[in-house]
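Chain S is already provided as a structure; the job is to place chain L on it using the hints.
There are 2 protein chains.
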Amino acid sequence: MLDLTADPVTLTRQLVDIESVSRGEQQIADEIEAALRALPHLEVTRRGHTVVARTHLGRAERVVIAGHIDTVPLNDNLPSRLEDGILHGLGSCDMKSGDAVLLHLAATLSEPNRDLTFVLYEAEEIEDEFNGLRKLSESDPHLMEADFAILMEPSGAIVEAGCQGTLRVDVRTTGERAHAARSWKGVNAIHGAHEVLARLNAYDARRPVIDGLEYHEGLNAVFISGGVAGNVLPDECIVSVNHRFAPDRSVEEAEAFVREFFGGFEVTVRDSAPAAMPGLGLPAAKEFLDAVGGEVRPKFGWTDVARFSGLGVPAVNFGPGDPMLAHKQEEHVPVEHIERCERQLRAWLGGA
Amino acid sequence: MLDLTADPVTLTRQLVDIESVSRGEQQIADEIEAALRALPHLEVTRRGHTVVARTHLGRAERVVIAGHIDTVPLNDNLPSRLEDGILHGLGSCDMKSGDAVLLHLAATLSEPNRDLTFVLYEAEEIEDEFNGLRKLSESDPHLMEADFAILMEPSGAIVEAGCQGTLRVDVRTTGERAHAARSWKGVNAIHGAHEVLARLNAYDARRPVIDGLEYHEGLNAVFISGGVAGNVLPDECIVSVNHRFAPDRSVEEAEAFVREFFGGFEVTVRDSAPAAMPGLGLPAAKEFLDAVGGEVRPKFGWTDVARFSGLGVPAVNFGPGDPMLAHKQEEHVPVEHIERCERQLRAWLGGA
Chain S
1 MLDLTADPVT LTRQLVDIES VSRGEQQIAD EIEAALRALP HLEVTRRGHT
51 VVARTHLGRA ERVVIAGHID TVPLNDNLPS RLEDGILHGL GSCDMKSGDA
101 VLLHLAATLS EPNRDLTFVL YEAEEIEDEF NGLRKLSESD PHLMEADFAI
151 LMEPSGAIVE AGCQGTLRVD VRTTGERAHA ARSWKGVNAI HGAHEVLARL
201 NAYDARRPVI DGLEYHEGLN AVFISGGVAG NVLPDECIVS VNHRFAPDRS
251 VEEAEAFVRE FFGGFEVTVR DSAPAAMPGL GLPAAKEFLD AVGGEVRPKF
301 GWTDVARFSG LGVPAVNFGP GDPMLAHKQE EHVPVEHIER CERQLRAWLG
351 GA
Chain L
1 MLDLTADPVT LTRQLVDIES VSRGEQQIAD EIEAALRALP HLEVTRRGHT
51 VVARTHLGRA ERVVIAGHID TVPLNDNLPS RLEDGILHGL GSCDMKSGDA
101 VLLHLAATLS EPNRDLTFVL YEAEEIEDEF NGLRKLSESD PHLMEADFAI
151 LMEPSGAIVE AGCQGTLRVD VRTTGERAHA ARSWKGVNAI HGAHEVLARL
201 NAYDARRPVI DGLEYHEGLN AVFISGGVAG NVLPDECIVS VNHRFAPDRS
251 VEEAEAFVRE FFGGFEVTVR DSAPAAMPGL GLPAAKEFLD AVGGEVRPKF
301 GWTDVARFSG LGVPAVNFGP GDPMLAHKQE EHVPVEHIER CERQLRAWLG
351 GA
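For the protein sequence lines, the chains are S and L, in the order given.
Anchor point for the first sequence: position 298 equals 298 in full-length UniProt numbering, and the numbering is continuous, going up by one each time.
Anchor point for the second sequence: position 352 equals 352 in full-length UniProt numbering, and the numbering is continuous, going up by one each time.
If we strip away everything but chain S, and leave its shape as in the complex, we get (with noise of 0.2 Å):
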């Protein structure tokens, strides 16, 4: 059984010894609601492996944090290891130790000042279509309405606000084929995308500040192919395009951006996810930053906070660990960051 009065490095190593790779949640998200429904303050749901703690004290504002409690598969790194003040082992950076801080602060903080939502959720670390908290917004939004949210992502223990948006499109180019032999015959569709590589290799990045943040937004082709044969005039080419754009634009605007963008050329949408705004501006985001001590980066990677924003919920990154070792064989994150996060999150809730 889960210990969450325990210490939250004790409580992270305890969570990181539970092996719960993406569609393997089962044993960790029971292990979560049995110890959450041991708190008579907290009404407690599950949908799925997702698990959604509530209190109900009738505060002005109500704020919900949330984490993930899948992992990417399995890099010989379990189980933890605690050496020099850093806890190592999968899933450590991203994200248990946030799910930790989260599970302590539910268990601990029985009269905070404001109403919270705890989510422990579900498959964050693939496939959309399994994710946790997308279910969840489409099966019960109400659970994810606050005023505020904050998603414990791994973000150096201090706030990413906000988070750029991601359109990708296949840019298409035609032509006619014919034997290289006589390649008077035919239409060139490899030649033809020369003019699309031009225009993205003079594209000028937009960086607009947004609630003080400087966004930069991105315009890549991250695939290109085409070809028949070695002796054969290709007649089709194709570039996958992706669009970072900043928070300032909703994916039907980021859209008509790169159809302009690309104007003459066959543009097909083939995903896109949205932006968040930060939302540094509204009075419960202000308290929450000037809390934590004031420091603030934008976010420039797609993250749920997006789901949050869809709902019309402001809501930043904020959890321990550094985001470049997500995902990495030697993740890894430093005591002190599970520590401070714990400590601001609590001062700010009103605990002692």
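Treat the hints with caution; some may be incorrect.
According to the in silico footprint, chain S covers these stretches of chain L (three or more CB under 8 Å from chain S) [to be verified]:
#1 176-185
#2 189-197
#3 200-206
#4 225-239
#5 297-311
These are computed hints drawn from the structure, not numbers from a lab.
Model, not experiment: these values are computed from the prediction.
Idealized CB from N, CA, C, for every residue including glycine.
Showing chain L alone in chain S's frame:
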């Protein structure tokens, strides 16, 4: 047993009905060898499944007449079928009708006005390493010595002179990987290929006139590839380029042109084959041209005539059948082409 004295249309049917997909030429080579060995005016040599038969009449000139005996794979197009003056079936066009003309002349012209060397060779339709004419040019180049050579590749029963050379190179651009969410930290190798494609798009083909024939060069991307993952800036892009060059250039000159054309980029030669000069100014070629009606076109595609050219023997393509039908399921040859080729060659060689 093949009857080489039968009319060439009947002989074509016999040859077509002996299946001889590349690497499966044993039976057809055995039958051809046996039939030629029965002719006292010919000296026969066999190398692998390549058969050479020569006259030794002390004539002032020697002419090689050559044809390959293999076909591309079966495609539900055997046995042969003769219908309304058209002979259908695998190899009917490429190039057993030419072989039949060749074999019929070998059997029935015992006193030609030029010494003749007949070459029936294996494995033209597959990788160059197996090509019977290439092997012969290395093991027994004296068997290919001549003043003039005729390759009976389908050419619409008119002369297609010389052939263009071919060179394939990879043009490579490099960059530096980075996460697509922080693209300014990397260098996109696909974007870097825009200049490669821009140069290809602006390419202005040389069209040199040689022996009165206008050749037409080409420079074409035949493949392009690049990409690591949907969220990663690619660090490599490769454009495979096929250059077809006119017979006034050597492989070395063609390579120098391509390297200069892509100056500033990494260029790696993948394979090459030399062009063949038409050689129409030479007396033997002139007389041949007059004998077959004077109509002549440049050959744009690469053929084995280049192997003769490499040995200093001027060579032309001249055979029944439309070259555009080669390798097609529905390949066929007009009886009229077979008869005309046989008649014209016979007249040129002093036959009745």
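Taking the hints in turn, this is what the structure says about them:
no.: 1; hint: 176-185; verdict: holds (count 6)
no.: 2; hint: 189-197; verdict: holds (count 6)
no.: 3; hint: 200-206; verdict: holds (count 3)
no.: 4; hint: 225-239; verdict: holds (count 12)
no.: 5; hint: 297-311; verdict: holds (count 3)
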